[in-house]
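Asks: Given next are the chains, with one letter for each unit.
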Amino acid sequence: MDKCEVKRVFDQVKPTPEQEQAMLDRLLREQKEVKPVSRMKKMTAVLVAAALLLMACAFTVATGVDQRLLALFRGDEQDAQQIAAGVVSVGESYTYDNGWTVEVEQVLVDRYSLAVLVDMIGPEGTVLSGEDCFVDFASEIIPEDGEGVGSYVSGSTALEDENPEDNRVSFLWQRGPSTFLKSGTQSLIGCEISLRPTWLTRGGSRGVIADFRGDQRTFNVQLPEKDSGWTYHLGLPFQVDEETMTLEELYISPIGVACSISGTPNDSRMWGPPGLSGIYDSLVLNMANEDLVAMSQSVSQTYNPETGEGRLVFQTERIIEPENVLSVTLLGQTFSLDDLQPVTG
Amino acid sequence: MGMVRTGEEVAALYRKYVGMVYQICLMLMKNVPDAEDATQNVFRKVMEYDKPFRDPEHEKAWLIVTARNECKNQLKHWWRKNRASEETLQNLTWEQPEDGELWEYILSLPEKYRMVLYLHYYQGYTALETAELLGKNPSTVRTWLVQARWKLKEILEVEEYGQM
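Chains as they are written, first to last, in this note's numbering: chain A, 28 to 372; chain B, 120 to 283.
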């Protein structure tokens with residue numbers, strides 16, 4: 028293997044002229060996807076939307092938690108009580124010059140994750156199904172006083188669209204905590220979040236349906252002071268592949284789990300031991316009633332090679348009561364929480 | 120934040136650098152659809168970047184760093200589609216069959232090695248310049264370059280040995 032071979036190989040993985048043009052076209056394309064809808068379909072859409080709205084209102088009155096949030100966690104009304112302290116009802120909407128309306132309904136938060144329930148409503152005549160659609164926000168946590176370079180992970184999921192023929196789709200936009208190279212991960216509890224819609228796209232970034240970046244409108248939400256999660260300090264050895272790391276802390280909330288781990292400082296590997304990526308699939312909460320609760324998604328995984336510290340945040344597949352978690356299994360190792368004194372919010 | 124560059128300006132930057140940005144994205148994302156998405160996102164960020172570039176070198180360096188960050192961010196996203204590894208070679212044609220194999224070997228290296236190989240051997244950056252781009256110590260980058268070469272040599276030798 029010599030330099031020329033490497034150069035020759037890279038020369039061959041350039042985009043083709045057709046690929047270049049297609050990407051540029053997608054990049055510069057203005058919002059599209061507006062299709063006419065028949066009057067009958069429109070009427071049906073309105074009726075279904077009204078029925079859904081009534082159902083949502085009824086549930087909201089009883090628990091304060093939107094049923095769409097509960098449905099995501101396969102929760103019932105009892106579960107709603109469990110997460111109610113982490114829910115903020117926002118109910119603000121704004122219509123942009125391009126005719127689109129963004130309605131921020133509710134925010135669900137624990138110490139290290141945040142989920143925003145948002146409705147995107149197209150101009151009259153728009154047909155919008157949530158299939159393969161994504162919404163994105165620019166977000167800022169206030170105060171954000173971390174030191175060094177900071178970053179966070181965010182993304183959205185379109186909720187099941189009861190009426191793909193209408194102009195409304197609900198999304199759950201989620202973000203992890205801000206993690207700073209020098210001062211670690213910042214808690215979201217008691218902070219304010221400023222949300223500014225940026226894009227509604229289809230197929231990842233392939234098609235821009237609506238662009239909101241020309242407007243500075245922000246939705247500001249004060250997050251709850253109360254933390255429903257429990258924190259356990261463990262400081263126990265933890266095997267990741269061939270390496271012994273330390274499981275420093277476990278945070279367990281009704282909707283998620285965060286693991287703080289530490290390993291070798293000045294680790295030259297950018298993302299830490301490759302085995303860390305296996306934690307998501309292996310993490311199980313062992314409940315008092317012998318139920319096992321797995322994770323439904325990874326919210327954020329950060330690793331600081333300078334300090335060898337990492338924080339991994341996951342969302343549970345259903346709402347849980349943190350006090351009923353007896354032990355946690357990750358990468359085949361079980362850590363009992365029985366004799367540990369949790370710190371509660 | 121509004122658009123700070125005209126469509127023409129972005130298109131000109133795009134035509135100049137799309138090859139490089141795409142190569143980086145393909146090398147890090149390891150498949151064509153994700154590389155295309157990441158490339159588009161990088162140029163969207165160019166549209167949003169509200170400061171002028173000092174000179175062409177700054178322009179190029181900014182795009183390299185942004186492409187790498189974009190891929191790193193995409194790889195952390197939980198909704199990223201797990202595309203099959205067979206797609207790695209899809210849509211790629213090779214002058215010689217062994218080039219495809221070498222590409223696969225390059226992709227099997229850790230990210231840090233792939234980046235230094237590309238920046239040093241393909242883009243012609245010195246170890247010092249590569250270190251600046253990656254925000255690393257120059258001695259670390261020199262070590263990575265040596266290790267990357269050894270790693271690649273090791274893989275190729277094992278492969279040759281296996282075929283005997």
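Hint data in this document are derived by calculation from the structure and do not stem from the laboratory. Careful: at least some of the hints might be erroneous.
Among chain A residues calculated to face chain B with C-beta under 7 Å, some are [said to hold, decoys possible]:
#1 Val36
#2 Phe37
#3 Pro44
#4 Met50
#5 Leu51
#6 Ile148
#7 Leu186
#8 Leu319
#9 Arg345
Heads up, simulated BS3-like pairs for lysine-lysine below, C-alpha to C-alpha not over 27 Å straight-line [what the hints assert, rightly or not]:
#10 A:Lys41 - B:Lys191
#11 A:Lys30 - B:Lys164
#12 B:Lys164 - B:Lys272
#13 B:Lys255 - B:Lys231
We put the CB at the ideal spot given by N, CA and C, even for glycine.
Asks: All hints, please: hold or fail.
Replies: Hints versus structure:
{"no.": "1", "hint": "Val36", "in the structure": "holds (5 Å)"}
{"no.": "2", "hint": "Phe37", "in the structure": "holds (4 Å)"}
{"no.": "3", "hint": "Pro44", "in the structure": "violated (10 Å)"}
{"no.": "4", "hint": "Met50", "in the structure": "holds (6 Å)"}
{"no.": "5", "hint": "Leu51", "in the structure": "holds (6 Å)"}
{"no.": "6", "hint": "Ile148", "in the structure": "violated (23 Å)"}
{"no.": "7", "hint": "Leu186", "in the structure": "violated (13 Å)"}
{"no.": "8", "hint": "Leu319", "in the structure": "violated (21 Å)"}
{"no.": "9", "hint": "Arg345", "in the structure": "violated (17 Å)"}
{"no.": "10", "hint": "A:Lys41 - B:Lys191", "in the structure": "holds (20 Å)"}
{"no.": "11", "hint": "A:Lys30 - B:Lys164", "in the structure": "violated (32 Å)"}
{"no.": "12", "hint": "B:Lys164 - B:Lys272", "in the structure": "violated (37 Å)"}
{"no.": "13", "hint": "B:Lys255 - B:Lys231", "in the structure": "holds (11 Å)"}
When held up to the earlier numbered hints, the structure conflicts with 3, 6, 7, 8, 9, 11 and 12 and fits the remainder.
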